[in-house]
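Undergrad: Sequence:
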Amino acid sequence: MAAAAAGPVFWRRLLGLLPGRPGLAALLGRLSDRFGRNRDRRRRRSPWLLLAPLLSPTAPQATAPPCCLCPEGVHRFQWIRSLVPEFGVCSSRVRVLSAPAEFFELMKVDCLESTLEKSLQAKSPSDLKVSILLDFMRGSRGRKNSRTMLLPLLRRFPGQVRVSLFHTPNLRGLLRLLVPERFNETIGLQHIKVYLFDDSVILSGANLSDSYFTNRQDRYVFLQDCPDLADFFTELVDAVGDVSLQLQGDDTVQVVEGMVHPYKGDRAAYCKAANARVMGVINSARTRQQMLHAQTFHGDALGPQEDAAAAGDRRPAPDTWIYPLVQMKPFEIQIDEAVTATLLTEAECGARVYLTTGYFNLTQAYMDLVLGTRAEYQILLASPEVNGFFGAKGVAGAIPAAYVHIERQFYREVCCLGQQERVRLQEYWRRDWTFHAKGRCTGTWRPRSPS
1 MAAAAAGPVF
11 WRRLLGLLPG
21 RPGLAALLGR
31 LSDRFGRNRD
41 RRRRRSPWLL
51 LAPLLSPTAP
61 QATAPPCCLC
71 PEGVHRFQWI
81 RSLVPEFGVC
91 SSRVRVLSAP
101 AEFFELMKVD
111 CLESTLEKSL
121 QAKSPSDLKV
131 SILLDFMRGS
141 RGRKNSRTML
151 LPLLRRFPGQ
161 VRVSLFHTPN
171 LRGLLRLLVP
181 ERFNETIGLQ
191 HIKVYLFDDS
201 VILSGANLSD
211 SYFTNRQDRY
221 VFLQDCPDLA
231 DFFTELVDAV
241 GDVSLQLQGD
251 DTVQVVEGMV
261 HPYKGDRAAY
271 CKAANARVMG
281 VINSARTRQQ
291 MLHAQTFHGD
301 ALGPQEDAAA
311 AGDRRPAPDT
321 WIYPLVQMKP
331 FEIQIDEAVT
341 ATLLTEAECG
351 ARVYLTTGYF
361 NLTQAYMDLV
371 LGTRAEYQIL
381 LASPEVNGFF
391 GAKGVAGAIP
401 AAYVHIERQF
411 YREVCCLGQQ
421 ERVRLQEYWR
431 RDWTFHAKGR
441 CTGTWRPRSP
451 S
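Counting in UniProt numbering, the sequence shown runs from 1 upward without gaps.
Wrong hints could be hidden among the right ones.
[To be verified] With a cut-off of at most 20 Å between alpha-carbon atoms, the simulated PhoX-like pairs for lysine-lysine come out as follows: (1) Lys129 with Lys118; (2) Lys144 with Lys118; (3) Lys118 with Lys193; (4) Lys193 with Lys329; (5) Lys272 with Lys329; (6) Lys129 with Lys144.
[Claimed, not checked] Derived DEER-like restraints, expressed as beta-carbon distance ranges: (7) Lys272 with Cys416: 42 to 48 Å; (8) Val96 with Arg424: 18 to 24 Å; (9) His191 with Arg267: 17 to 23 Å; (10) Asp127 with Arg176: 36 to 42 Å.
The set of hints was computed from the structure by calculation and includes no laboratory data. The C-beta atom is built at its ideal place from N, Cα and C for all residues, glycine as well.
Let's have the full structure, built from the sequences with the hints guiding it.
TA: Here it is in structure tokens:
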């Protein structure tokens with residue numbers, strides 16, 4: 001879930017490109033400064049959990065390709081399991097999709113309504129449940145929106161369908177009345193993009209709008225038959241759903257019984273309750289996985305395949321480790337931020353870091369880490385023409401130019417430091433397409449041993 005931490009910085013940059021709108025600039029500028037001060041106060045809390053991985057031994061120096069991932073590099077990431085659950089899976093169950101058409105084919109399932117109808121008509125009771133988690137602002141924008149589309153399903157199957165609308169606790173009071181649609185999303189929103197089907201999971205940045213199935217490039221990872229991982233994400237979505245507003249059949253919303261209202265109730269009490277609910281899921285899953293791995297994989301980290309064979313287990317031994325990172329800053333859950341900062345800090349000379357983003361707006365802390373480390377960086381950005389806001393009306397139409405301005409400022413700093421050979425920026429462009437992919441790939445490599 002994204003808390004729009006860099007939103008105020010972005011709007012201050014954007015407002016500088018909007019002469020002739022002094023009233024709007026003054027209003028958004030004051031709001032931006034207010035959130036900036038709040039963010040600075042929160043930033044004074046030092047993330048001490050970064051110290052442990054920083055004090056760990058460094059991996060051997062990396063060299064140029066041909067290369068393969070070092071076993072030492074794999075072990076270096078296992079410190080993350082002290083923060084989040086660690087899931088071991090077989091790489092054959094992990095499929096990275098490369099195009100919207102593949103995403104569409106994978107998501108193309110039987111009509112949900114007909115499936116629910118069949119479950120009602122079944123002779124034996126069906127345990128089929130459908131849980132949908134959306135952002136309140138995005139899901140309610142405009143006259144025809146996600147919640148109005150889901151109302152018929154909710155009315156027809158009230159006992160099997162749950163629609164939760166997350167509302168950021170930061171948008172409340174006078175601010176909630178003044179900030180218009182779309183702009184209110186910069187204050188904070190629910191940004192989890194996960195699709196669960198029984199024991200399989202799709203992790204993506206894509207939502208279910210038409211363009212994400214046709215000409216909007218994103219990233220998609222399909223994890224097939226991974227029940228432990230599917231259970232974790234189910235519990236996580238349920239937890240966020242419990243601290244969200246529940247859509248009713250008459251298009252009203254209600255809080256879960258016993259839960260503090262996200263924008264009408266006490267903010268501190270709500271955030272404390274939400275932290276407890278979400279961290280309860282993370283910590284319980286982490287404990288379960290630690291116990292499981294202690295019995296199976298990490299008793300002898302270098303020989304799980306031999307152990308499995310000796311035990312007569314025909315299942316393939318895991319060769320891929322997954323650490324779900326969670327970021328919910330209003331609830332003081334900043335795991336993704338801490339892990340990302342540590343990985344960028346630890347990137348040594350010879351290592352390569354690939355960053356891609358459709359909206360280049362790194363926080364100053366991340367920019368400093370990129371400029372201050374010795375690793376090589378390949379940063380893939382969206383060209384203005386493939387930015388989703390390109391050609392939009394009003395203020396939104398200036399957003400692509402604002403991102404270009406931010407990119408140029410960053411690249412000028414790269415050049416001033418003489419880092420242009422180490423930090424490279426590239427723009428994605430494809431006719432009639434837009435670009436929405438975001439991700440990071442960090443690796444320590446060494447030459448392959450001669451066969």
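Undergrad: For each hint, tell me whether it holds in the structure or not.
TA: Cross-check of the supplied hints:
| no. | hint | verdict |
| --- | --- | --- |
| 1 | Lys129 with Lys118 | holds, 13 Å |
| 2 | Lys144 with Lys118 | violated, 28 Å |
| 3 | Lys118 with Lys193 | violated, 28 Å |
| 4 | Lys193 with Lys329 | holds, 17 Å |
| 5 | Lys272 with Lys329 | holds, 12 Å |
| 6 | Lys129 with Lys144 | violated, 25 Å |
| 7 | Lys272 with Cys416: 42 to 48 Å | holds, 44 Å |
| 8 | Val96 with Arg424: 18 to 24 Å | holds, 23 Å |
| 9 | His191 with Arg267: 17 to 23 Å | holds, 20 Å |
| 10 | Asp127 with Arg176: 36 to 42 Å | holds, 38 Å |
In terms of the numbered hints stated before, the structure departs from hints 2, 3, 6, listed from lowest to highest.
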